[in-house]
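If you read the sequences in order, they're chains A and B. With the first letter of the first sequence counted as 1, position 55 gets the number 55 in this note's numbering; the numbers rise by one all the way through. With the first letter of the second sequence counted as 1, position 159 gets the number 159 in this note's numbering; the numbers rise by one all the way through.
Do not take every clue at face value.
Unchecked claim - Think about it this way: if two alpha-carbon atoms lie no more than 30 Å apart in a straight line, the pair counts; the simulated DSS-like pairs of lysine-lysine are:
1) B:Lys-413 with B:Lys-168
2) B:Lys-413 with B:Lys-286
3) B:Lys-156 with A:Lys-122
4) A:Lys-146 with B:Lys-71
5) B:Lys-88 with B:Lys-71
6) B:Lys-74 with A:Lys-42
7) B:Lys-18 with A:Lys-145
8) B:Lys-88 with A:Lys-159
9) A:Lys-161 with B:Lys-12
What the hints assert, rightly or not - Computed far set for chain B versus chain A, every beta-carbon distance over 10 Å:
10) Leu-46
11) Arg-310
12) Gly-366
13) Gly-367
14) Leu-421
No lab work stands behind these hints: they were computed from the structure. Don't be surprised by glycine CBs; every beta carbon is placed ideally from N, CA and C.
Spelled out from the first residue to the last, the chains are:
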Amino acid sequence: MIGKAHTYKRDHINTDEIIPARYLNMDQEKDLALHAMEDIDKDFLNNVSEGDFIVAGEDFGCGSSREHAVWSLRGAGIRAVIADSFARIFYRNCLNNGFLAIESKGVADKISTKDEVEIDLKNGLLKNHTKNEEYEFIPLPDFAKKMLDAGGLLNYIIKNK
Amino acid sequence: MGSTITEKILAKHSGRKKVVPGDLVNAEIDVIMCHDVTTTPAIDMLEERSIDKVCDPKKIVVMPDHFIPNKDIKSAEMVAKIRRWVKKHNIENFYDLGRHGVCHALLPEQGHVTPGKTIICGDSHTSTHGALGAFSTGVGSTDLAAAIATGELWFKVPETILFNLTGKLPFGVYSKDIILYIINRIGVDGALYKSMEFKGSVIDELTIESRMTICNMAIEAGGKAGLINPDQKTIDYVKSRTNDEFELFSSDEDAKYEKVYDIDVSKLEPIVAFPSLPSNGKKVSKITENITVDQAYLGSCTNGRIEDLRVAAQILKGKKIASETRMIVVPATTEIWKQANKEGLLDIFMDAGATVSTPTCGACLGGHMGILAAGEKCISSTNRNFIGRMGSPKSEVYLGSPATVAASAIEGKITDPRKYLLVT
Ligand code: SF4
C-alpha cells in the first residue's frame with residue numbers, strides 16, 4: 001500500500017494529544033476524526049487524504065488506553081502509523097482493530113511530510129518513493145498478521161471459535 | 001532458574017507449568033473492570049457482532065467514573081447504555097452513583113482485588129492493583145470486549161525490571177515522590193512493554209495505599225504492569241475486605257530480571273514533575289523560580305485515598321489557601337468521602353477555602369469539574385501532565401504529592417511541603 005506521510009519529529013506523542021479527553025463522550029470514527037490531533041496540529045484534518053500514513057518518533061501513543069485514538073486516526077483517513085517505537089496499549093489497540101502499526105528505528109528522521117511511502121508487508125520494507133530509499137521494519141509477529149487478516153481481534157476470535 | 005511473580009501468575013492462568021518472557025499466552029481473566037468511557041464501545045462491538053453473552057457476570061465489575069455525575073447528554077447516554085447492559089446480563093457488581101468512585105480506588109476497596117488474580121480494565125492505570133500482588137494491566141475497548149465475551153485474553157509474557165528500594169524515607173517524602181523519582185530516572189518509556197516489580201525494606205514499610213500510588217504510575221514509565229510481592233499487610237488488607245480465598249505468588253530468589261535498580265531513598269526529596277511529561281521531575285528544593293498556581297487539585301486514582309486527604313488536611317488545618325488560587329478536593333470513592341467527612345477533613349478543606357467534590361475522575365483527565373483555561377497552571381496530585389491533560393492545551397500541569405499540593409495551595413505557588421509538616 002502506498003500513501004503520503006505526515007511526519008511528527010517527536011517522541012511520546014500521547015493519546016491525549018491524538019484525541020483529547022473532552023471528546024471521549026463520543027465513540028464513532030467519523031465524529032472523533034473531526035478532532036484528531038487538533039491540539040498539536042490544527043491543520044491535520046485539512047492535510048490528510050484517505051490512505052495516508054503518520055510517521056513519528058519513539059513511544060507513539062503513550063498514556064491513556066483510549067482506543068478512540070486509533071479510531072480518530074482511522075476515521076480521518078490514516079491507514080497506518082509508522083514510528084520508531086510504540087507504547088504498549090496503543091500498539092495492541094492497533095492490531096486488535098486490524099490497523100497497521102509499523103516499527104522502524106529512525107523513521108521520523110528519514111521520512112518527511114509529503115514523502116510518498118510504500119509499505120511492503122511481504123518483504124518487511126518501507127519504500128520511500130520520493131527519496132528513493134528503503135528501510136527495513138520489525139516484522140509483525142505471526143499472531144498479529146493473523147489478526148490483521150481477520151480484520152481485528154474480535155473477528156479473529158469469531159473465526160477461530 | 002526461578003520465576004517472577006508476573007510469570008507465575010500468567011503461567012497459572014494459562015494452564016502452564018512455567019512461562020518465560022516472550023511467550024504468547026492466552027490467560028484466563030479473573031476480574032474485568034468496566035468504566036464509562038471505554039466500556040460503551042466494547043458493548044457496541046459485541047452487539048454489532050451479535051455476541052449476546054458475557055463470560056461470567058461475577059467476573060465483571062462496573063463503575064462509571066470518568067464523566068460522572070454525567071457531565072452532558074452524550075455521557076448520560078453512555079452510562080444509560082451501561083445500565084441497560086448491566087441489567088440485561090445480571091451483573092451484580094455495579095457501583096452506580098451513590099456507591100460510586102474512581103475505578104482504581106474502588107476496586108480494591110470493595111474487595112475485588114486479591115493476590116494472584118489477573119485483572120484487566122480499559123484504562124491504563126489498571127497497573128494499580130499489582131500493589132496487592134495481582135497481575136493487572138490496562139487494555140483498550142477491543143481487548144475489553146474480547147475478555148467480556150470469552151473470559152480470556154492474549155498476552156506476551158513481559159520481562160521484569162526490579163526496583164529494590166532501601167534506606168529510610170525522609171520526613172515529608174512520600175510514595176508519590178518515589179515513583180516520580182523513578183520515572184524521572186528511567187524515562188516515560190523506560191519500562192516499555194515490561195513488568196515493574198518493587199521490593200525492599202522501603203516497600204515493606206509502606207501502607208497498602210502508598211504502594212498503590214507507586215504501582216498506579218507504572219504505566220507512566222511505559223510499564224505493562226507494576227507488582228509488589230504480597231506480605232502480611234497485603235493479606236490483612238484483603239481479608240478485611242473480602243472472604244474470597246486467594247493464592248499467594250511471589251518472585252523466586254533466583255528469578256531472572258531484565259534489569260535491577262538498587263535505589264537508596266534516604267536522600268530523596270519531594271519531587272514535582274514539570275509540564276508536559278511525568279518524567280520531568282525536579283527536586284522541590286532545586287526549584288528556584290516562582291511558579292504561581294491558579295489551581296491545586298487533590299484527588300484521582302493516584303492520590304485521592306484517605307491517607308492522602310489526611311496528609312493534606314494536616315497541612316491545611318487552620319490555614320487559608322492563597323487568594324489567587326482555587327483548590328479542588330476530590331475524595332476518590334464514596335467510602336473515602338464519608339470517612340473524610342467523619343474525621344472532619346472536609347471541614348478543614350472547606351474552612352481553608354477549598355471546595356470538595358463528589359468522587360469522579362472529572363478534571364484529572366480534563367473531563368469536567370475543574371477544567372483549566374489557557375495560560376493557567378495547576379499543581380496536581382494526579383499522574384499525568386501531558387499537554388492539555390486538564391483542559392486547554394495552553395494550560396500547564398505540575399505533578400506532586402498531596403502534601404506538595406496542599407502546601408502550594410496555601411502559598412499560591414509551588415512550595416516545599418516540609419516546612420508545613422514540621423509545625424504540628
Ligand atoms: S482518576 Fe484520572 S488517571 Fe485515574 S482513572 Fe480517572 S482519569 Fe484516569
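Which of the numbered hints above does this structure break?
4, 10, 12, 13
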